[in-house]
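Note that the protein sequences, when read in sequence, are chains D and G. Every letter in the first sequence is one number past the one before it in my numbering, and letter 58, counting from 1, is 58. Numbers in my numbering are just positions in the second sequence, counted from 1, shifted up by 163.
Within a straight-line C-alpha distance of at most 25 Å, the following computed DMTMM-like cross-link-like pairs (lysine to aspartate or glutamate) qualify: (1) LYS515/G with ASP582/G; (2) LYS150/D with ASP437/G; (3) LYS558/G with GLU301/G; (4) LYS216/G with GLU49/D; (5) LYS216/G with GLU50/D; (6) LYS295/G with GLU375/G; (7) LYS150/D with ASP88/D; (8) LYS558/G with ASP299/G; (9) LYS361/G with ASP299/G; (10) LYS81/D with GLU149/D; (11) LYS594/G with ASP582/G; (12) LYS216/G with ASP203/G; (13) LYS553/G with ASP77/D; (14) LYS294/G with GLU243/G; (15) LYS553/G with ASP437/G; (16) LYS150/D with ASP70/D; (17) LYS553/G with GLU243/G; (18) LYS150/D with ASP77/D; (19) LYS561/G with ASP77/D; (20) LYS553/G with GLU301/G; (21) LYS295/G with GLU243/G; (22) LYS81/D with ASP153/D; (23) LYS216/G with ASP202/G; (24) LYS553/G with ASP70/D; (25) LYS558/G with ASP77/D; (26) LYS216/G with ASP119/D; (27) LYS150/D with ASP6/D; (28) LYS216/G with GLU123/D; (29) LYS561/G with GLU301/G; (30) LYS430/G with ASP70/D.
Counterexamples of contact, computed for chain G against chain D with all Cβ distances above 10 Å: (31) ALA166; (32) VAL288; (33) LEU343; (34) MET353; (35) ILE387; (36) PHE421; (37) VAL422; (38) HIS520; (39) LEU579.
Keep in mind the hints are simulated off the structure, nothing from the lab. Glycine included, every Cβ here is placed at the ideal spot set by N, Cα and C.
Next come the chains, spelled out residue by residue.
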Amino acid sequence: MPRLRDFNAAFYRVLQRAITVLMGLLIVPVTLQIFSRYTELIPRYIWTEEVARFCLIWIIMLGAMIAVRDGTHFDLDILPKARTKQGDAIGRIIVHVAMLVVGVIFLVYGWRFALFGWDQTSELTGLSMLAIHIAWPLTGLACLLFLGEKLLDDVALLRGRDA
Amino acid sequence: MTALDVGLIMFGAFAVLIVLRVPVAFALGLACIPVFFIDDRLTPFLLLNEMLKSYNSFILLAIPFFMLSANLMNSAGVTERLMELARTMVGWFPGGLGHVNVVVSMIFAGISGSSTAEAAGIGGVMIPAMKKQGYDTEFTVALTACAAVMGVIIPPSILMVVWGGVMSVSIGALFLAGVLPGVMIGFSLMAAVYVYAKQRGYPVYARATLREFFCAAWRALLPILTPLIIVGGITGGFFTPTEASVIAVLYALLLGLFVLRTIEWGKVPELLYDSARFAAISLFCIGTASAFGWLLAYFHLPQLFVDAVKSYGGGITSVGFITAIAFLIIGCFIDAIPAIIIVGTVLAPVAKSVGMHPLHFAIVGVISIAFGLVTPPYGLCLMIACALGKTTIAKAFKDTMVLLGLMLLVLGFVILFPDVVLALPRWVMPKFVQ
Numbered sequence: 001m002p003r004l005r006d007f008n009a010a011f012y013r014v015l016q017r018a019i020t021v022l023m024g025l026l027i028v029p030v031t032l033q034i035f036s037r038y039t040e041l042i043p044r045y046i047w048t049e050e051v052a053r054f055c056l057i058w059i060i061m062l063g064a065m066i067a068v069r070d071g072t073h074f075d076l077d078i079l080p081k082a083r084t085k086q087g088d089a090i091g092r093i094i095v096h097v098a099m100l101v102v103g104v105i106f107l108v109y110g111w112r113f114a115l116f117g118w119d120q121t122s123e124l125t126g127l128s129m130l131a132i133h134i135a136w137p138l139t140g141l142a143c144l145l146f147l148g149e150k151l152l153d154d155v156a157l158l159r160g161r162d163a
Numbered sequence: 164m165t166a167l168d169v170g171l172i173m174f175g176a177f178a179v180l181i182v183l184r185v186p187v188a189f190a191l192g193l194a195c196i197p198v199f200f201i202d203d204r205l206t207p208f209l210l211l212n213e214m215l216k217s218y219n220s221f222i223l224l225a226i227p228f229f230m231l232s233a234n235l236m237n238s239a240g241v242t243e244r245l246m247e248l249a250r251t252m253v254g255w256f257p258g259g260l261g262h263v264n265v266v267v268s269m270i271f272a273g274i275s276g277s278s279t280a281e282a283a284g285i286g287g288v289m290i291p292a293m294k295k296q297g298y299d300t301e302f303t304v305a306l307t308a309c310a311a312v313m314g315v316i317i318p319p320s321i322l323m324v325v326w327g328g329v330m331s332v333s334i335g336a337l338f339l340a341g342v343l344p345g346v347m348i349g350f351s352l353m354a355a356v357y358v359y360a361k362q363r364g365y366p367v368y369a370r371a372t373l374r375e376f377f378c379a380a381w382r383a384l385l386p387i388l389t390p391l392i393i394v395g396g397i398t399g400g401f402f403t404p405t406e407a408s409v410i411a412v413l414y415a416l417l418l419g420l421f422v423l424r425t426i427e428w429g430k431v432p433e434l435l436y437d438s439a440r441f442a443a444i445s446l447f448c449i450g451t452a453s454a455f456g457w458l459l460a461y462f463h464l465p466q467l468f469v470d471a472v473k474s475y476g477g478g479i480t481s482v483g484f485i486t487a488i489a490f491l492i493i494g495c496f497i498d499a500i501p502a503i504i505i506v507g508t509v510l511a512p513v514a515k516s517v518g519m520h521p522l523h524f525a526i527v528g529v530i531s532i533a534f535g536l537v538t539p540p541y542g543l544c545l546m547i548a549c550a551l552g553k554t555t556i557a558k559a560f561k562d563t564m565v566l567l568g569l570m571l572l573v574l575g576f577v578i579l580f581p582d583v584v585l586a587l588p589r590w591v592m593p594k595f596v597q
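Throw the hints in and build the complete structure from the sequences for me.
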């Protein structure tokens, strides 16, 4: 368990760095697109639009992974809070198992999705679509790791109470 | 399976899951899964494919950029400059600081496309200032939250970018269409501040001199040029909405780092991270919501609504009210972006069938869904304002409902008189508005 926690913490930091860098990079192609149209300083590249779109896809998926670990995906706070820690843990287990189902779908079908991408290249840059499609199984894997840690914590809490 | 069966399974599963606190984006994806397995022609592979198709959009790129520019402007401390300008304009009205709050929100709405950034940025400065002057906390919080709603109605607007991208409506025309309704909401809030101030004896500022006004306007000039650059750039055909959003980022960086020098270089990565993460969470919902909407359309569910409205003989006004009510109800429970995709795609064919103008339909939808930002249980702006004012939603509820009531009157007016929406786009961009 401590190993999983350490690994997840390191993985989470990598995701945080990656999304920050991508967000900074995202500004570049769109700026180039404007400058190339209005100035003679740089040629009119055609790859800028596609690179920006692909950066966005990765930012979305990285952000989704990050939000699984820090529990910041939008949810609805309508049910009354459980009165005991045990009740609270049961509520969280239901949520985390439901999210895990989506994670498993992302991993299993995402793997096929990635292989499907392997056979295709993008229209403008000729990049293998694997580079984009792989984000889905990776998100599935991140869900498994992060939600696994949370579920182990919840179960430990339940057991501690039961004992 | 009939369309009704599919609708019941999907909406039923979604409702149960979100009540159990499963995040909206995941609940939308999960609600599709039974249908993928029940129908032989479908597979969960389609969920992933629909997600990719929805994210692979140059228009949606504008969303992280508008969030980043709003965060940069907040960090650059432009709120104080706007506050000073607003004070010289409306501070001498009864309830001076309340009016200042509304006017700052209106101006900031022209700089930022996000209501939550607006609630956080303006609330952080205005709420303590109003409380210090003796305004009731509940009123202060309610006013700040309701005024922040203008953030997505007055251009630029993240919700309009999503609407335009998903439903193929000109974003420039949408931006223009939002101006008048947004300003009307601002005036309705100022009328409310006036009545509250008279009843409760809230303080006023001394009338500012013309010189003070010009000094304040000079200090606020650079930030308030932003809306002109963005909206002028798009409607003038100089930039696409996405390019305009990048220009807004570059302009905010230039102001914060070099001109006002209020942002330190070391803070930039943090701002990039916060904006990217928040945009990603919002946009992630678009993927699963698109798959949800795609399945509803695959089983012809929107057609059921079209037939129902036809048999009832509804016209533009009744469809306008149906749209508003549907968005207001769903806006109480889920985030604005997935709500647009689910309700918008279901109701768009209905609006088209009665000849409602796409811009009118869009603005009625965007205003109604924006009101969801202050309606509990899921009202993000109200939550942010309550946290900043150190009070609870339950306590701020009454004043919020009073202000929302006035804003609903504006919405009713917009539904009844489409020209409020169409006049400005017709004038500036006639080729986009038939």
